[in-house]
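Trainee: In case you want the letters, here they are:
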Amino acid sequence: MSDILISDDILMRQFCVGDSKAFHILYARHEKPLYRYLRRVLGTGLVAQVDEVFQDAWMRLVDARESWQPRDGVAFKTWLYTLAHHRAVDVLRKSGREFSVDEGWLDDENETLWQLWPASIADQPEQQAFWRKAGQQLLHCLDGLPAPQRAAFLLHHEDGLSLNEMTQVLSAEFETVKSRLRYALSKLRLCMGAHLQPIFETDNTV
Amino acid sequence: MSMQDQHLQQALKNAPDREMLPNDATRAAVLTYANQAVKNREKTWLNRISNLLREWLGVSWHIAGVGSAVATVLVVVVFWHEIPKDKMREVGILSEEVEISATDSVIEQAPVAASAEKSLNTASSDAIASAQELSEKIVESKTDIDVPPSKEKSASLASPANRETLANVNQSSQKNSGLAEAFPQVAAPVVIELEMSVAVSPVPASIAKDKAMVAEASVGAANSAEDSFATTKGELVKELQAESGASLSARKENKIAKNSAAKADVLDASVPKVATKPHEHQVLLAWIEYEGGKVVANQDIQAGNLRLLTIEILSVDLDGLNCPQLKGQVTAMDALTGYRIESAGSCDVTDSLRKEVEVYNQTMRDWHSNHLR
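These protein sequence lines map, in sequence, to chains A and B.
Going by numbering that gives the first Met the number 0, the first residue of the first sequence is number 0, and it counts up by one from there.
Going by numbering that gives the first Met the number 0, the first residue of the second sequence is number 0, and it counts up by one from there.
Misleading hints may appear alongside valid ones.
[What the hints assert, rightly or not] List of simulated lysine-lysine pairs, DSS-like, C-alpha gap at most 25 Å:
no.: 1; chain 1: B; residue 1: Lys12; chain 2: A; residue 2: Lys132
no.: 2; chain 1: B; residue 1: Lys354; chain 2: B; residue 2: Lys293
no.: 3; chain 1: A; residue 1: Lys177; chain 2: B; residue 2: Lys12
[Said to hold, decoys possible] Below, a sample of chain B positions facing chain A; criterion: calculated Cβ distance under 7 Å:
no.: 4; residue: Leu7
no.: 5; residue: Leu11
no.: 6; residue: Ala14
no.: 7; residue: Val29
no.: 8; residue: Tyr289
no.: 9; residue: Asp350
By construction, these hints were calculated from the structure, which means they are not laboratory data.
The beta carbon of each residue, even a glycine, is placed where N, CA and C say it ideally should be.
Extracted from the complex, chain A is given alone in its bound form (with noise of 0.2 Å):
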């Protein structure tokens, strides 16, 4: 659907003054990205939990409503990913899994060899069980970074959040939203280019 028939924070206002219909179509419209974000930043290990904290975040949502202002500047998507996290963060924290930052490294080698990936393969048919794979080994790669670097670089990567709105979804200062968004971007790269080494070596023989 398209988001100039009606933007998301008008159907916020019109939920707000007591039109359901207008929440059914957000909910439509957030439903599937909001669920594959909850799921990649809770990992494999807390996957029973997505459903859960899925729910709690749409019924929080409802519940403050009544405290939602779009003249902050705070877009309905920020403010719903936001809730979504703050959730998040706190089953992370529960179970015992960790949400520290990690620093982590940063390999020359790694970056330059991932630089050199054909970047013309996304755009050949054939090569749709290669991504298929790689997508599958994406979200392993994605379940070894830690919570705060994995969150950065899906709200970016996958849900098209500006540095910006991420210092809000994440409560974090810009300089922090970076730099872990840095890290989980060379620990992708080192993770993926290991994997997708000779995928290299055929398009170079080729």
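Starting from the structure of chain A, add chain B where the hints point.
Mentor: Quick look at chain B alone, frame taken from chain A:
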């Protein structure tokens, strides 16, 4: 280092969890919770009213609740039964008035000729009297001019410009004397009026200085006086008849116009108005696209909201981000079904949306043909 990585994005797009959804129970729980929250919001208002009643009257919650319910029912009953009746009664009264006024005007038109004759005679006798009075005044003012100026007023009247003007007027009145003799009753007031306007009324200094202008004005006035003399008694009678007829017909037209305007207002009031909640129609279109035209139409039919929809294409604002709200949604009535036609604006009218809106309208029409024959 770039913050966006297209390779990782591509991998994410193809990840196997791409199409995963929460289970149906989760979805149902969320949507039910939202619906319940909306209903609770409505209930909260009733609770607030009953709480207020309890505070004011010092009665128990149950009595306050029952009291507010009774009050609500009373208000609903009054509005439900009284207003439409009154409006219909108003329409009836208005139509009766139109009929009565039409017959009145026919009756009124009969003595028009007689009254016209009468008014002409009255006008003529009045004219003779006023002519005598005014000619006396003119003689007086002329005498004032001849007398050496002793006051400021007489000085202004005795100015060369005024003298010339008066001379012109006298000439023209002499010229017209033949006609005046032929029709003394009619001609007299005109000449006298003309003379009076020059001789009696104070002339502003600026106009008095401009001799040519004043002379021209007096000649023009004299000419118009000549034209007036050409009017015969018969013509005057005709004019008066026409005037009285015109005034009657104008009155009648006014009355009919007033009545039809009032009638239109009442009929407008009887046509169900489009709800003016902001963005309601944009939500409706999004809802139709989301649920499908048939489902939404059936929901509206169940809710007693019978209507047809048209889509109006709107332009996105300069930022390219927001679609403006449709202003002044046109309400019309469908000739076939009698349902109101509501105009819903959208900036993004896709073929599928058009199709769904058509399905919506068709469902409404089908319901009409199946149930109201």
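Trainee: Evaluate each hint against the coordinates.
Mentor: The hints, checked one at a time:
1. B/Lys12 / A/Lys132: Distance of about 11 Å is within 25 Å: holds.
2. B/Lys354 / B/Lys293: Roughly 11 Å between the alpha carbons, so the hint for B/Lys354 and B/Lys293 holds.
3. A/Lys177 / B/Lys12: holds, 23 Å
4. Leu7: With a minimum Cβ separation of about 6 Å from chain A (threshold 7 Å), the hint on B/Leu7 holds.
5. Leu11: At about 5 Å, which falls below the 7 Å cut-off, the nearest Cβ of chain A leaves the hint on B/Leu11 intact, so it holds.
6. Ala14: holds, 3 Å
7. Val29: Where the cut-off is 7 Å and the nearest Cβ of chain A is about 4 Å from B/Val29, the hint holds.
8. Tyr289: Since the shortest Cβ distance to chain A is 5 Å, the answer is holds.
9. Asp350: violated, 13 Å
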